[in-house]
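Engineer: The primary structure of each chain is shown beneath.
Protein chains: 4
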Amino acid sequence: MLTTLIDFETAASKQLPDDIRAYLNGGAEAERSVAENRAAFGRIGLLPKLLADCGHGHTRTTILGVEAAHPVMVAPMAFQRLFDPQGETATAMAAAAQEAVMVLSCQTSVLPEDIADIPGRRWIQLYMQADHDATMSLVTRAASCGASALVVTLDAPINGLRDREVAAGFAVDGDVRPVMLDALPHPPRPQLEAGQSVVFDGMMVFAPKWPDLERLIADSPLPVIVKGCLRAQDAVRLMGIGVAGIIVSNHGGRVLDTTPAPITRLADIVKAAEGAVPVFVDGGIRRGSDVFKALALGAEAVLVGRPIMHGLAVDGARGASQVLRRLRDELAVTMALCGCATVADITSDLLTEFT
Amino acid sequence: MLTTLIDFETAASKQLPDDIRAYLNGGAEAERSVAENRAAFGRIGLLPKLLADCGHGHTRTTILGVEAAHPVMVAPMAFQRLFDPQGETATAMAAAAQEAVMVLSCQTSVLPEDIADIPGRRWIQLYMQADHDATMSLVTRAASCGASALVVTLDAPINGLRDREVAAGFAVDGDVRPVMLDALPHPPRPQLEAGQSVVFDGMMVFAPKWPDLERLIADSPLPVIVKGCLRAQDAVRLMGIGVAGIIVSNHGGRVLDTTPAPITRLADIVKAAEGAVPVFVDGGIRRGSDVFKALALGAEAVLVGRPIMHGLAVDGARGASQVLRRLRDELAVTMALCGCATVADITSDLLTEFT
Amino acid sequence: MLTTLIDFETAASKQLPDDIRAYLNGGAEAERSVAENRAAFGRIGLLPKLLADCGHGHTRTTILGVEAAHPVMVAPMAFQRLFDPQGETATAMAAAAQEAVMVLSCQTSVLPEDIADIPGRRWIQLYMQADHDATMSLVTRAASCGASALVVTLDAPINGLRDREVAAGFAVDGDVRPVMLDALPHPPRPQLEAGQSVVFDGMMVFAPKWPDLERLIADSPLPVIVKGCLRAQDAVRLMGIGVAGIIVSNHGGRVLDTTPAPITRLADIVKAAEGAVPVFVDGGIRRGSDVFKALALGAEAVLVGRPIMHGLAVDGARGASQVLRRLRDELAVTMALCGCATVADITSDLLTEFT
Amino acid sequence: MLTTLIDFETAASKQLPDDIRAYLNGGAEAERSVAENRAAFGRIGLLPKLLADCGHGHTRTTILGVEAAHPVMVAPMAFQRLFDPQGETATAMAAAAQEAVMVLSCQTSVLPEDIADIPGRRWIQLYMQADHDATMSLVTRAASCGASALVVTLDAPINGLRDREVAAGFAVDGDVRPVMLDALPHPPRPQLEAGQSVVFDGMMVFAPKWPDLERLIADSPLPVIVKGCLRAQDAVRLMGIGVAGIIVSNHGGRVLDTTPAPITRLADIVKAAEGAVPVFVDGGIRRGSDVFKALALGAEAVLVGRPIMHGLAVDGARGASQVLRRLRDELAVTMALCGCATVADITSDLLTEFT
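Heads up: the sequence lines are chains A, B, C and D, in that order. Numbers given in the numbering used here equal positions in the first sequence, counted from 1, plus 902. Numbers given in the numbering used here equal positions in the second sequence, counted from 1, plus 902. Numbers given in the numbering used here equal positions in the third sequence, counted from 1, plus 902. Numbers given in the numbering used here equal positions in the fourth sequence, counted from 1, plus 902.
What the hints contain is simulated information worked out from the structure, not anything from laboratory work. Built from N, CA and C at the ideal position, the CB exists for glycine as well. Hints may contain errors.
[Said to hold, decoys possible] Cut-off 27 Å, straight-line C-alpha distance, at most; resulting in silico cross-link-like pairs (DSSO-like, lysine-lysine): (1) C:Lys1173 <-> C:Lys1111; (2) D:Lys1173 <-> D:Lys951; (3) C:Lys951 <-> C:Lys1173; (4) D:Lys1173 <-> A:Lys1111; (5) D:Lys951 <-> A:Lys1173; (6) C:Lys951 <-> D:Lys1111; (7) C:Lys1173 <-> B:Lys951; (8) A:Lys951 <-> A:Lys1173; (9) C:Lys951 <-> D:Lys1173; (10) B:Lys951 <-> C:Lys1111; (11) A:Lys1111 <-> A:Lys1173; (12) A:Lys951 <-> B:Lys951; (13) B:Lys1173 <-> A:Lys951; (14) B:Lys951 <-> B:Lys1173; (15) D:Lys1173 <-> D:Lys1111; (16) B:Lys1173 <-> B:Lys1111.
[Unchecked claim] Here chain A is said to cover these stretches of chain D; the calculated rule only asks that three of the stretch's residues, wherever they fall, bring their Cβ under 8 Å from a Cβ of chain A: (17) 956-962; (18) 1225-1234; (19) 1243-1256.
Kindly produce the complete structure, drawing on both the sequences and the hints.
Structural biologist: Here's what the structure looks like:
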């Protein structure tokens, strides 16, 4: 019987082919950040309040000003058909069933139009393209498919060094592809001269910079949330140009190894935000108590990634739904045991150092 | 030959069926608190005093104002017939043989009347019922069976997430049941509407709150000791409403994972108590030196749980008695080696950081 | 080829019978102190000085005012014939060959008269007996056999809880016995009444106390060094009554578990001693660099125990000699690499935190 | 497919004979410094800056005032023909191909004249000889073979205790020899008297001292960089006598165990240098992110040793070149992901504590 997110992870990891498992579970270089993202939650202890009245409490909250059933969101993840034939369709159904806000990746392996009819609140993630018009075409299309916010990923201007993935020979080919990007013009291919760097003279020339983000925010009909911030100074500057929210993230440890666990950076960035914009966090969440700790440190909501794919791999939409259900239930249990009737009661004085 | 509590644990764990072993040894979620409860003692070092006169010393002390042969108590544990056919009867005999105060769980699998004739000092543990009269009926019955104090468990208003237990398929059924609770009226069964939460709209509605505890203290003919406190603020408030003692506990790590080891919270709560009420501690005690460290940090006595059941599982009343005997003996040896003739000599300057 | 002390330990541990290996390598309870004694050295780093002139340097030093070839002493250990048929005789030959001061245990399995003719400087260790005259008879006999100082063990008024040894069924019987103690009157056997404690009403009644040590110091023709001190306050009091030296020790972790590693207590006690008496240290020394670190923290010399027995077990006197030779050589290499021509150059600014 | 330096290490370690693998990978005593050199990088976290303009960035820098393509140098290593028949010739070709400054060991197994024609910038490492003229003959020869700087190793006046190497029976004999030293006069062989020490009365008499280094600096036509400094005080004194640069190093953990990881000492020595001379670092570098961290802490460049030999062992010059290429590429990726267009942008505020 699969109960916890760990159970789903174990089961999915057993059944996935080596290369896809490496892609899903792996991360950058020695995967220190992958491990630390989870371990960091284990170093935070809980100090429950006794005898509090939690009758008729609930997990409801507001996310970006809109009421939500709970603060657990589906993180953007590419190529979900790697894990289930229905891919993002199944995830959208699971999110709908569990009333979770879903962030669709722009590297979706299912067309956004094909899931537009599935009920539920959705945002869309995108990488800024070298060409502003290309970026805007994604935004427009996302909006027309019902996305109510953009999540712009900033921490991966180029791919990380994914040693495990490379060693396993993972490649995106064949049937599962980023179909939403087909409509885009081919990205510019720089002609490198001898001695020039693929990184610096190629990819980084076209990587997004501050003015690009400012322009996107100005032109976007949707609020722009940024993902991948770990520095308080960046958070302040991002707020200054008008972002609608900040997701503290190290991309699940998939891009740059030894970036700190987002949960360890959250409090600083919440402080820097001074309540002006909501702050979110992802990375390493496997328990309702992890969600609780993130909220106690000031997150408006959390994003969960790999565990949803574990559910998807094991049992499609139903598996993904079970994973989300379990997190919701564990959060409720943790709240009740800590004496919190609502998420507003989840304050940092309920935390202590563990070990 | 079984000598130490670890020996009994190893032997019991080998012979118990999987589900019962999971129930006994397991805890909440990843069992970080289960492990930490024990590990925390290992981080406390001992700094013995040389050449002290310990001739004719002893382990005698007072517990709640009454003299006791030693400061090791039997913690409340449910369903002891899972481990031995005689269950709580055998434990009571062991406690009597070793002059240990025993706390009988209200989830006893043997009727309290059936052990009332066994000599020895006993307290009774109870969970406050949704109905005050039901709670009082338990109190009255406990008193009539000779209990001289109540231990009210506060840290488990609902069950924790016991992953290991669930995975092992443990269930309370068949022969071993909480027989003392048979006499109670059926607990209220809330009719949940669609979208309501079993946790918040069900169980937590009936969970005890501060006024309930105040009423119990007012009406109880027995002194009320509370179990499960980890916060100094809660301790102060509990003293304010008249509790007779406080047990610092995280329920053996069985309810909420990453709650800190009680021994790490003890000094704070002893300080908050300012000597007004006695403070006890449980969780992770496996050595006489652990008992010694708890006393040095200000505990009046300690409660020991799982090890008693390990003794019970291995050799019934005799096994449980051997476990208690070993702890008493180890405590005496530790006292002698540290230069303490009496428990009053066990002061915090004998402790140091270890590693 | 056996080179390092670890090599000898591995080889000896393989060839010794289970019970004797448990006796030699084991310690109290969970053997945390046994492990920590060694681990603590690994947390001390070395910060060498470059280009220092170490030509014609040496390891010579003075121990208790008398010149010694080097600061590595043989710690007192009981029953050495368990490890080699010649026992203490072989150890004395090894010590003589390597110019090491040897401390003979009063629980020697060879008569002190039988090794009196072996050259070399020797001290004798003793436990104070319940009867002062008995103690003095040991002192007189030791002096007549050439011992030039007494080492009085203070940290073991009763035996520790040696779980590993008990589990392995180790017992001192048969051929290997504490032959020097045969001449003593039988120790008093207290008649315990019901309810009395073997520890408190038996052994601790006869355990040495401050006045007993004062009397011994007053009556002894030999200087009295005490072994087993971990507290600075005890050190001050011991100096006040006239001890000639202090050995910081936790008895190799064999008596009371979670006592701190002696090397971590050394600096405090050296500071308390204010140069009035020499301070020694034992416990966990396996490398010349460990000796170096002890000297840097203020030790006049170090005592090494188990490794000598590993040498003895592997190859008798020659093995024990090789172990001592290796330590001497490693110390010289460490000194040269750190830029220290003499032990006086080994100062604490050569140390740093490691990891 | 071999991609990372770890891949090359694993492959090389599999195929090398036991004794040569022990020589290459091993270190002093328990190899705590060997392990810590690598582990220390894992405790440094990266805190990337978002949206920085890195287009047309590069890894170019200056080393000792001369432009270099990147800051990764080949550390001096003896006897490279142990790993590949072409030995230092292959390494020189790899370094040339990857535009890396190579430091040739004076214990080269290929004559410096035989690689003088291979293009690329090279320095030569040497141990100061007992005879100043002998040292100067090495310097002159090195200069005539195109070396543009001297690297004088100061941290190994005598060999360290290489337990693993000794246990594996490694010896330099037969075909692979320090051929450049053949031309030197035989080193003095002290006649030791009984009781004299090989270390102190032999080797250390001839070991270099401060005046020897001053004389070398005065006489050398090449700038003198020193290797093996871990103390800020030594750095200050070295600058005072005119060294041209300082390499913070513990000799890869091969000489004295429990010396701290050089990366942990770097900032202190950079601070002591006050910009007057460049500071380099080696030890434990296995990732481009490690190079990045060293630069962020103030290193002008880094030296990499064992990984180059792993490359050499696996695939000769091509393998060594691949290792250097990978480090360059990883450094570029790390820079881009951290928002650094040039090495001047790599500042310490990009670092944070990890775990």
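Engineer: Would you mind marking each hint as holding or not holding in the structure?
Structural biologist: Verification of the hints:
1. At roughly 25 Å between alpha-carbon atoms, Lys1173 (chain C) and Lys1111 (chain C) fall within 27 Å of each other, so this suggested pair holds.
2. In summary, the hint linking Lys1173 (chain D) to Lys951 (chain D) is supported, as the alpha carbons are separated by about 25 Å, within the 27 Å threshold.
3. Between Lys951 (chain C) and Lys1173 (chain C), the direct Cα distance comes to roughly 25 Å. Compliance with the 27 Å bound is thereby established for this hinted pair.
4. Under the criterion of a C-alpha separation no larger than 27 Å, the hint pairing Lys1173 (chain D) with Lys1111 (chain A) is inconsistent with the structure, at around 34 Å.
5. For the given pair, Lys951 (chain D) sits about 18 Å from Lys1173 (chain A) by alpha-carbon distance, which is consistent with the 27 Å threshold.
6. A threshold of 27 Å between alpha carbons decides the hint, and for Lys951 (chain C) with Lys1111 (chain D) the separation of about 11 Å falls inside it, so the pair holds.
7. Simply put, Lys1173 (chain C) and Lys951 (chain B) have alpha-carbon atoms about 18 Å apart, close enough for the 27 Å limit, and the pair holds.
8. Simply put, Lys951 (chain A) and Lys1173 (chain A) have alpha-carbon atoms about 25 Å apart, close enough for the 27 Å limit, and the pair holds.
9. A C-alpha spacing of about 18 Å is found between Lys951 (chain C) and Lys1173 (chain D), which places the hinted pair at or below 27 Å, so the restraint holds.
10. The suggested pairing of Lys951 (chain B) with Lys1111 (chain C) holds, with an alpha-carbon distance near 11 Å, which does not exceed 27 Å.
11. With a C-alpha separation of about 25 Å, the suggested pairing of Lys1111 (chain A) with Lys1173 (chain A) holds against the 27 Å cut-off.
12. Taking the CA atoms of Lys951 (chain A) and Lys951 (chain B), the gap is near 39 Å; set against the 27 Å cutoff, the hint is violated.
13. Between the alpha carbons of Lys1173 (chain B) and Lys951 (chain A) the distance comes to roughly 18 Å, so the proposed pair stays at or under 27 Å and holds.
14. Between the alpha carbons of Lys951 (chain B) and Lys1173 (chain B) the distance comes to roughly 25 Å, so the proposed pair stays at or under 27 Å and holds.
15. Distance check on the hinted pair: Lys1173 (chain D) and Lys1111 (chain D) sit about 25 Å apart at the alpha-carbon level, within 27 Å; holds.
16. Taking the CA atoms of Lys1173 (chain B) and Lys1111 (chain B), the gap is near 25 Å; set against the 27 Å cutoff, the hint holds.
17. Note: the region 956-962 of chain D has 6 residues with beta-carbon separation from chain A under 8 Å; the three-residue rule is met and the coverage holds.
18. Check result for the region 1225-1234 of chain D against chain A: holds, 3 residues qualifying (beta carbon to beta carbon below 8 Å, three or more required).
19. Counting residues of the region 1243-1256 of chain D whose beta carbon lies closer than 8 Å to any beta carbon of chain A gives 4, which reaches the threshold of three, so the coverage claim holds.
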